[in-house]
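Protein chains: 2
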Amino acid sequence: MKAAVLEKLHTPLSIQDRHDLNAPPGHVVIQLKTAALNRRDYWITQGLYPKIKLPVVLGSDGAGVVLETGDGVDASWKGKEVILQSGINWGDQEEAQAPEFEVLGMPRDGTFATHILVPQETLHEKPDFLSWEEAAALPLAGLTAWRSLFTQGGLKTGQTVLITGVGGGVALAALQFAVAAGAKAWVTSSNDNKIKQAIQMGARGGFLYKDDGWETSMAKEAGAPDLIIDSAGGKTYNGLIDLVKPGGCIVNYGSTLGNPQQINMFKLFWKQIRLQGSSLGSPADFRNMMSFIQEHQVKTIVDAVYPLEEVNTALERMKHSEQFGKIVLTCAS
Amino acid sequence: MKAAVLEKLHTPLSIQDRHDLNAPPGHVVIQLKTAALNRRDYWITQGLYPKIKLPVVLGSDGAGVVLETGDGVDASWKGKEVILQSGINWGDQEEAQAPEFEVLGMPRDGTFATHILVPQETLHEKPDFLSWEEAAALPLAGLTAWRSLFTQGGLKTGQTVLITGVGGGVALAALQFAVAAGAKAWVTSSNDNKIKQAIQMGARGGFLYKDDGWETSMAKEAGAPDLIIDSAGGKTYNGLIDLVKPGGCIVNYGSTLGNPQQINMFKLFWKQIRLQGSSLGSPADFRNMMSFIQEHQVKTIVDAVYPLEEVNTALERMKHSEQFGKIVLTCAS
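So the sequences go chain by chain: L and C. For what it's worth, this note's numbering labels the leading residue of the first sequence as 1, then goes sequentially. For what it's worth, this note's numbering labels the leading residue of the second sequence as 334, then goes sequentially.
Looking at chain L on its own, in the form it has when it is part of the complex (with noise of 0.2 angstroms):
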């Protein structure tokens, strides 16, 4: 098999020859066909992760055939084409995940690969309506998208919601479910040509987050948002308190822009807001973002496709948040 590997923080990726994998009770070896880039990758090469392990092979998403099942597997899953669920070990609540939930591609070994080995839990059928490249493109931002907007976000058939920095792979997946759950979806981004696609896809409207006021124009043109799903925080943050509808919710899923400054507390207990923060999600979150894009036959948003091998050219591309959908690569060996 071969991998794409991280040994020293900083430095590229090296496409390594490894021994071949064997399914250990419980586990599965996959072939994988396609993997996709999550942020969560280029931050590990950075440092910024916490509890980073080396060297391991980065990637948390990806979709394939499974080639081999180790004892207590159902023997049934074998040649099956698979998707697979980013998250292992969630626990038993469904408010948070326990302190042994992990996210393959760090520690374990993830999806920049030819092969991979993954426990059962991780397993789930490959909609016929996605490609192999729309398959790989969706668990981790998918699920992400799913539980800020539904789980944690409350989001009703109907309601306004706003959904930051469009183009990445959550914020893009937010705006598909949100819009296929009949709510009134708008968008910011720092590029207007981001924000045309976006209204593509079904956005009632957009506004350049660099403009001064863009609160203002928003709050007139499509009134207050009931929920607003941010992933910047930073000093964009308390604009994003002024203009939520009283009783609203912002859900943050990240904070690009670090920590938001001197929350404006009046404006939280007399508008009666609800700050809430999300991450990834948990097995129901992820069976039930299943049933809503078979429902709704969404297919997540490819912006550019590599081979394994130029890996490094991918993750450049998203380090310059260049990207309007996911980056995937294709692993066939």
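These are computed hints drawn from the structure, not numbers from a lab. Please read these numbers as outputs of a predicted model, since none were measured by experiment. Some hints here could point you the wrong way.
[What the hints assert, rightly or not] Only some residues are given here: those of chain C computed to face chain L with a beta carbon under 10 angstroms:
id	residue
1	408
2	412
3	581
4	601
5	602
6	606
7	610
Note that the Cβ used here is the ideal one computed from N, Cα and C, for glycine as well.
Mind docking chain C on chain L? Use the hints.
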């Protein structure tokens, strides 16, 4: 009638003789037996409240007897002993109050008087098991505690709840409700004596919040709380984010220590925490609270009782946060 009037900011209230009140349609005149102080009254005297209109009779909490009913009000209210709901015009959304919402005692004349004119919607029959002093002490603090704990905080039997700054009316009502609901309640205070009193009321224990590392002591002794009810905010807030259980919730109904600096956003999303604002409560919250205190025979904690004429002494006591429970005025003419 007599009333304690705020003529000018930063001056004592003056006791004045006024013309008797008449009830226009939809309204009633109440002969007040008792009133209670809230921090809001003090903020208003200091100009620290939005849209202050003077002169005004302060006071949001009151209990008394219906003296006169206006047209359109069921005449059977006449002569009844009532407790007044402090909020008017909540609106039709449970999530947050409408822009028209107001609280008795600014801009509308309040309860620091022998008589008051109120719309019918404020009337609730006084439960027999509450004295006049206990009745006046209930509405604003009880309602704020109720909404914070249950409507916003979703407290369930068996959960662990931490109530910060025990001694104030809302914190004490929250403690009483939490204990009555079968939750494990813990408290913080700056005063060891207040913690001892809280334990006598059913708290499992308490911590001096000025002690460095009290959060660690709490985590060891009580486990991480599912819910924290806070009205301080400020620099102590990130300690609460560290302390609360993954998937847990911090409800704020005030920010006496000002705005928190630098919310740790990574902890917010990785721990899947909810930061929830809460203010006062809806008519439905009030009805639910009244049923609950009836069922559990919860009697409001009264700290001290002053005649109306000594309202300025009473305000002074609240200013220094010396009280344990509500400060009450007797209003008999």
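Verification of the hints:
Hint on residue 408 of chain C is violated. Least Cβ distance to chain L is approximately 37 angstroms, over the 10 angstroms limit. Hint status for residue 412 of chain C relative to chain L: violated, with the closest Cβ pair at about 37 angstroms, above 10 angstroms. Taking 10 angstroms as the C-beta cut-off, the interface hint given for residue 581 of chain C holds, the closest approach to chain L being about 8 angstroms. Interface restraint check for residue 601 of chain C: the shortest CB-CB distance to chain L comes to about 4 angstroms, inside 10 angstroms, so the restraint holds.
Given hint, residue 602 of chain C at the interface with chain L, holds; its Cβ is 4 angstroms from that chain's nearest Cβ, closer than 10 angstroms. Residue-level restraint check for residue 606 of chain C holds (minimum Cβ-Cβ distance to chain L is 5 angstroms; threshold 10 angstroms). With its C-beta approaching chain L no nearer than about 4 angstroms, residue 610 of chain C sits inside the 10 angstroms limit, and its interface hint holds.
Hint violations for this structure: numbers 1, 2, all remaining hints satisfied.
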